[in-house]
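Visitor: With these hints in hand, go ahead and build the complete structure from the sequences.
Residue numbers (the UniProt record's numbering), protein chains in the order written: chain A, 1 to 360; chain B, 1 to 360.
In case anyone wonders, no lab produced these hints; they're calculated from the structure. All values reported here derive from a predicted model rather than from experimental measurement. Check each hint, because a few of them may be wrong.
Note: identical chains are not told apart, hence a pair may lie in one copy or across any two.
Once the Cα atoms are required to be at most 20 Å apart in a straight line, the calculated EDC-like pairs of lysine to aspartate or glutamate come out as [what the hints assert, rightly or not]:
{"hint": "1", "residue 1": "K147", "residue 2": "E130"}
{"hint": "2", "residue 1": "K147", "residue 2": "E244"}
{"hint": "3", "residue 1": "K312", "residue 2": "E359"}
{"hint": "4", "residue 1": "K312", "residue 2": "E193"}
{"hint": "5", "residue 1": "K342", "residue 2": "E273"}
{"hint": "6", "residue 1": "K352", "residue 2": "E156"}
{"hint": "7", "residue 1": "K312", "residue 2": "D191"}
{"hint": "8", "residue 1": "K2", "residue 2": "D52"}
{"hint": "9", "residue 1": "K333", "residue 2": "D34"}
{"hint": "10", "residue 1": "K326", "residue 2": "D62"}
{"hint": "11", "residue 1": "K294", "residue 2": "E273"}
{"hint": "12", "residue 1": "K2", "residue 2": "D59"}
{"hint": "13", "residue 1": "K312", "residue 2": "E273"}
{"hint": "14", "residue 1": "K2", "residue 2": "D311"}
{"hint": "15", "residue 1": "K294", "residue 2": "D343"}
{"hint": "16", "residue 1": "K294", "residue 2": "D317"}
{"hint": "17", "residue 1": "K253", "residue 2": "E130"}
2 protein chains.
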Amino acid sequence: MKIGVIGGGQLGRMLALAGTPLGMNFAFLDPAPDACAAALGEHLRADYSDPDHLRQLADEVDLVTFEFESVPAETVAFLSQFVPVYPCAESLRIARDRWFEKSLFKDLGIPTPAFANVLDQADLDHAVIEIGLPAVLKTRTLGYDGKGQKVLRKPEDVVGAFAELGSVPCILEGFVPFSGEVSLVAVRGRDGETRFYPLVHNTHVNGILNLSVASSNHPLQALAEDYVGRVLKQLDYVGVLAFEFFEVDGGLKANEIAPRVHNSGHWTIEGAECSQFENHLRAVAGLPLGSTAKVGESAMLNFIGSVPPVDKVVAIDDCHLHHYGKAFKAGRKVGHATLRSKDLATLQARIKDVEALIEG
Amino acid sequence: MKIGVIGGGQLGRMLALAGTPLGMNFAFLDPAPDACAAALGEHLRADYSDPDHLRQLADEVDLVTFEFESVPAETVAFLSQFVPVYPCAESLRIARDRWFEKSLFKDLGIPTPAFANVLDQADLDHAVIEIGLPAVLKTRTLGYDGKGQKVLRKPEDVVGAFAELGSVPCILEGFVPFSGEVSLVAVRGRDGETRFYPLVHNTHVNGILNLSVASSNHPLQALAEDYVGRVLKQLDYVGVLAFEFFEVDGGLKANEIAPRVHNSGHWTIEGAECSQFENHLRAVAGLPLGSTAKVGESAMLNFIGSVPPVDKVVAIDDCHLHHYGKAFKAGRKVGHATLRSKDLATLQARIKDVEALIEG
Numbered sequence: 001m002k003i004g005v006i007g008g009g010q011l012g013r014m015l016a017l018a019g020t021p022l023g024m025n026f027a028f029l030d031p032a033p034d035a036c037a038a039a040l041g042e043h044l045r046a047d048y049s050d051p052d053h054l055r056q057l058a059d060e061v062d063l064v065t066f067e068f069e070s071v072p073a074e075t076v077a078f079l080s081q082f083v084p085v086y087p088c089a090e091s092l093r094i095a096r097d098r099w100f101e102k103s104l105f106k107d108l109g110i111p112t113p114a115f116a117n118v119l120d121q122a123d124l125d126h127a128v129i130e131i132g133l134p135a136v137l138k139t140r141t142l143g144y145d146g147k148g149q150k151v152l153r154k155p156e157d158v159v160g161a162f163a164e165l166g167s168v169p170c171i172l173e174g175f176v177p178f179s180g181e182v183s184l185v186a187v188r189g190r191d192g193e194t195r196f197y198p199l200v201h202n203t204h205v206n207g208i209l210n211l212s213v214a215s216s217n218h219p220l221q222a223l224a225e226d227y228v229g230r231v232l233k234q235l236d237y238v239g240v241l242a243f244e245f246f247e248v249d250g251g252l253k254a255n256e257i258a259p260r261v262h263n264s265g266h267w268t269i270e271g272a273e274c275s276q277f278e279n280h281l282r283a284v285a286g287l288p289l290g291s292t293a294k295v296g297e298s299a300m301l302n303f304i305g306s307v308p309p310v311d312k313v314v315a316i317d318d319c320h321l322h323h324y325g326k327a328f329k330a331g332r333k334v335g336h337a338t339l340r341s342k343d344l345a346t347l348q349a350r351i352k353d354v355e356a357l358i359e360g
Numbered sequence: 001m002k003i004g005v006i007g008g009g010q011l012g013r014m015l016a017l018a019g020t021p022l023g024m025n026f027a028f029l030d031p032a033p034d035a036c037a038a039a040l041g042e043h044l045r046a047d048y049s050d051p052d053h054l055r056q057l058a059d060e061v062d063l064v065t066f067e068f069e070s071v072p073a074e075t076v077a078f079l080s081q082f083v084p085v086y087p088c089a090e091s092l093r094i095a096r097d098r099w100f101e102k103s104l105f106k107d108l109g110i111p112t113p114a115f116a117n118v119l120d121q122a123d124l125d126h127a128v129i130e131i132g133l134p135a136v137l138k139t140r141t142l143g144y145d146g147k148g149q150k151v152l153r154k155p156e157d158v159v160g161a162f163a164e165l166g167s168v169p170c171i172l173e174g175f176v177p178f179s180g181e182v183s184l185v186a187v188r189g190r191d192g193e194t195r196f197y198p199l200v201h202n203t204h205v206n207g208i209l210n211l212s213v214a215s216s217n218h219p220l221q222a223l224a225e226d227y228v229g230r231v232l233k234q235l236d237y238v239g240v241l242a243f244e245f246f247e248v249d250g251g252l253k254a255n256e257i258a259p260r261v262h263n264s265g266h267w268t269i270e271g272a273e274c275s276q277f278e279n280h281l282r283a284v285a286g287l288p289l290g291s292t293a294k295v296g297e298s299a300m301l302n303f304i305g306s307v308p309p310v311d312k313v314v315a316i317d318d319c320h321l322h323h324y325g326k327a328f329k330a331g332r333k334v335g336h337a338t339l340r341s342k343d344l345a346t347l348q349a350r351i352k353d354v355e356a357l358i359e360g
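Guide: In structure tokens form, the structure reads like this:
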């Protein structure tokens with residue numbers, strides 16, 4: 001079976017590493033000459049809306065999937081004429097636009113911070129009155145890793161904020177005094193079977209995910225599964241979906257969804273019986289889903305900007321390096337380490353070992 | 001770091017799957033147009049003794065390693081002029097020739113079945129008198145999976161046996177009434193650090209490995225480590241080496257060594273903290289070695305001739321498919337399943353599940 005992937009970054013690379021042992025081959029559509037997934041499959045180097053290359057991809061592969069959600073709607077529609085596409089166009093339409101996304105949460109009764117659609121400065125002024133300050137102005141599309149957003153704390157911050165974010169459609173979100181951020185990675189098969197990984201505690205630094213720690217028997221697991229299950233069912237979703245929540249007053253408020261394998265699920269490569277990458281491929285290929293159970297206690301630390309010396313990373317017990325083969329650049333995710341330890345105390349010690357390398 | 005691999009079969013493929021997350025790139029020299037490792041790296045399609053392509057490989061890579069031992073000595077000597085080669089030429093010289101191999105065991109005080117060098121039929125006749133029947137006549141080089149050998153039970157079997165095996169240099173081995181076959185996979189770093197995986201019980205069918213089960217606290221572990229350690233030290237070996245033994249009267253008799261990652265170590269992909277593939281790459285690259293400890297109870301079943309339907313394989317709990325992406329052909333190793341279970345009873349049940357698929 002040949003899988004077409006829109007995007008050829010590290011997520012595509014890890015999909016190929018998981019799918020090759022299942023007998024799958026891969027083709028990646030990515031305009032970047034140095035797309036790091038290209039080492040593991042065919043690289044169609046073209047723009048995401050290039051019809052000739054999209055057609056070529058559709059002709060070559062058995063199905064198409066995505067490693068990022070900001071794919072133009074026309075790309076998805078075009079591909080869908082010729083080849084099965086998972087997750088479906090509607091899932092991508094919702095997930096790539098914060099307004100559609102939050103509106104879906106609201107429609108499904110999933111708690112989420114107060115929000116308002118902001119199409120111009122007047123909308124923003126009005127929304128600030130309604131929602132209050134502090135609040136966060138976010139572009140509806142194309143935001144990631146803290147990009148495309150601005151925290152508004154004082155009335156002066158509101159002035160000209162819409163223009164500052166590029167005068168593109170935005171939403172204003174009420175600022176939530178959260179005690180923590182958690183994510184739930186879920187997978188749903190073509191037949192509707194759904195499985196959930198354990199909730200993961202996430203820590204961000206400068207808006208970029210830094211550390212994810214998989215939980216055991218988290219008291220909010222069942223609630224999170226209920227919320228995520230509603231979205232998966234509503235979208236008739238196929239594949240892996242990650243759902244980020246704020247922990248607020250012992251409950252959850254929905255932040256956002258990613259219709260793809262997700263950074264907060266990278267620990268599953270060694271830390272779960274079947275990784276998010278393999279499970280995504282199983283789902284889109286119509287195969288039975290794999291176990292989402294943990295193997296030991298597990299965490300993931302991102303390497304941002306550079307990967308520490310490989311000999312030092314692999315010298316740490318319980319540590320598994322995942323180097324993305326990308327050029328080092330400030331703020332860029334270039335690798336991660338999965339830790340898999342026998343108990344939490346050991347895991348916490350190993351996390352410190354890796355952190356010391358990153359800081360060193 | 002770019003690694004050159006002589007051979008582009010499934011062992012090369014699994015080396016690349018293990019090395020890519022370490023940030024390594026791969027080039028495979030293999031004359032076969034459909035070499036299955038080629039999906040994961042550059043494919044230099046040329047004969048193993050083609051000097052132009054060997055030179056190209058040496059120029060492109062940081063070091064060269066092997067996925068099979070029957071590499072011409074001149075190939076190794078040629079490459080060694082330009083690039084580090086691991087394991088060393090002497091290790092390959094010994095391991096690819098049963099006469100040198102057995103002689104080394106004898107020199108190092110490692111028990112091995114009685115053996116004699118057989119360069120013509122007269123040698124064979126003489127050796128049969130000395131060693132007795134039953135005995136096994138084996139070609140000194142190029143034998144694998146039961147090929148290149150003939151069991152001699154009666155005096156009539158001896159007549160013309162040397163010609164039957166092609167009139168090439170052979171050894172005669174005394175037949176050993178063994179109670180089981182075990183192998184020890186070891187890894188030795190450039191600095192001499194050595195680690196051993198748990199002993200593995202192997203079952204062969206028609207001379208081809210069928211099932212490997214990793215042991216826990218095997219009473220012969222320390223003895224096997226002693227024997228294997230002697231060979232590793234003598235050869236100043238770098239990389240993974242597999243050592244096959246017969247279990248005889250509660251002791252071990254050396255059968256053969258393979259100077260490479262080995263089929264009886266495939267279970268380590270999921271079943272050990274660090275797989276034999278990653279540890280081989282760590283060793284040859286001069287990185288610290290990884291833990292050889294087991295994760296749960298583990299076994300490996302080969303798929304020979306064909307891989308059962310993928311949906312049925314992955315539906316088995318605890319089962320991890322490794323499809324080699326090779327054309328199916330009778331007698332050919334085309335994939336394997338690793339089982340990793342929480343206890344031995346569960347593992348035994350899962351082995352039966354996979355066996356039922358293979359037979360079905």
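Visitor: Confirm or reject each hint.
Guide: Each hint tested on the structure:
1. K147 with E130: Answer is neither: 25 Å inside a copy and 81 Å across each miss the 20 Å cutoff.
2. K147 with E244: within (16 Å within a copy, 57 Å between copies)
3. K312 with E359: within (13 Å within a copy, 46 Å between copies)
4. K312 with E193: Between copies only: 16 Å across chains, 41 Å inside a chain, cut-off 20 Å.
5. K342 with E273: both (15 Å within a copy, 11 Å between copies)
6. K352 with E156: Neither: 41 Å inside a chain and 70 Å across chains, both beyond 20 Å.
7. K312 with D191: For K312 and D191, the Cα distance is within 20 Å only across copies (16 Å; inside one copy 45 Å).
8. K2 with D52: Within one copy only: 19 Å inside a chain, 34 Å across chains, cut-off 20 Å.
9. K333 with D34: within (15 Å within a copy, 35 Å between copies)
10. K326 with D62: So K326 and D62 pass the 20 Å test across copies only (19 Å; inside, 28 Å).
11. K294 with E273: Intra 6 Å, inter 15 Å, cutoff 20 Å: intra and inter.
12. K2 with D59: within (11 Å within a copy, 33 Å between copies)
13. K312 with E273: between (27 Å within a copy, 17 Å between copies)
14. K2 with D311: between (35 Å within a copy, 16 Å between copies)
15. K294 with D343: both (12 Å within a copy, 16 Å between copies)
16. K294 with D317: Close inside one copy (18 Å) and across copies (14 Å); limit 20 Å.
17. K253 with E130: within (19 Å within a copy, 83 Å between copies)
In summary, the numbered hints that this structure violates are 1 and 6.
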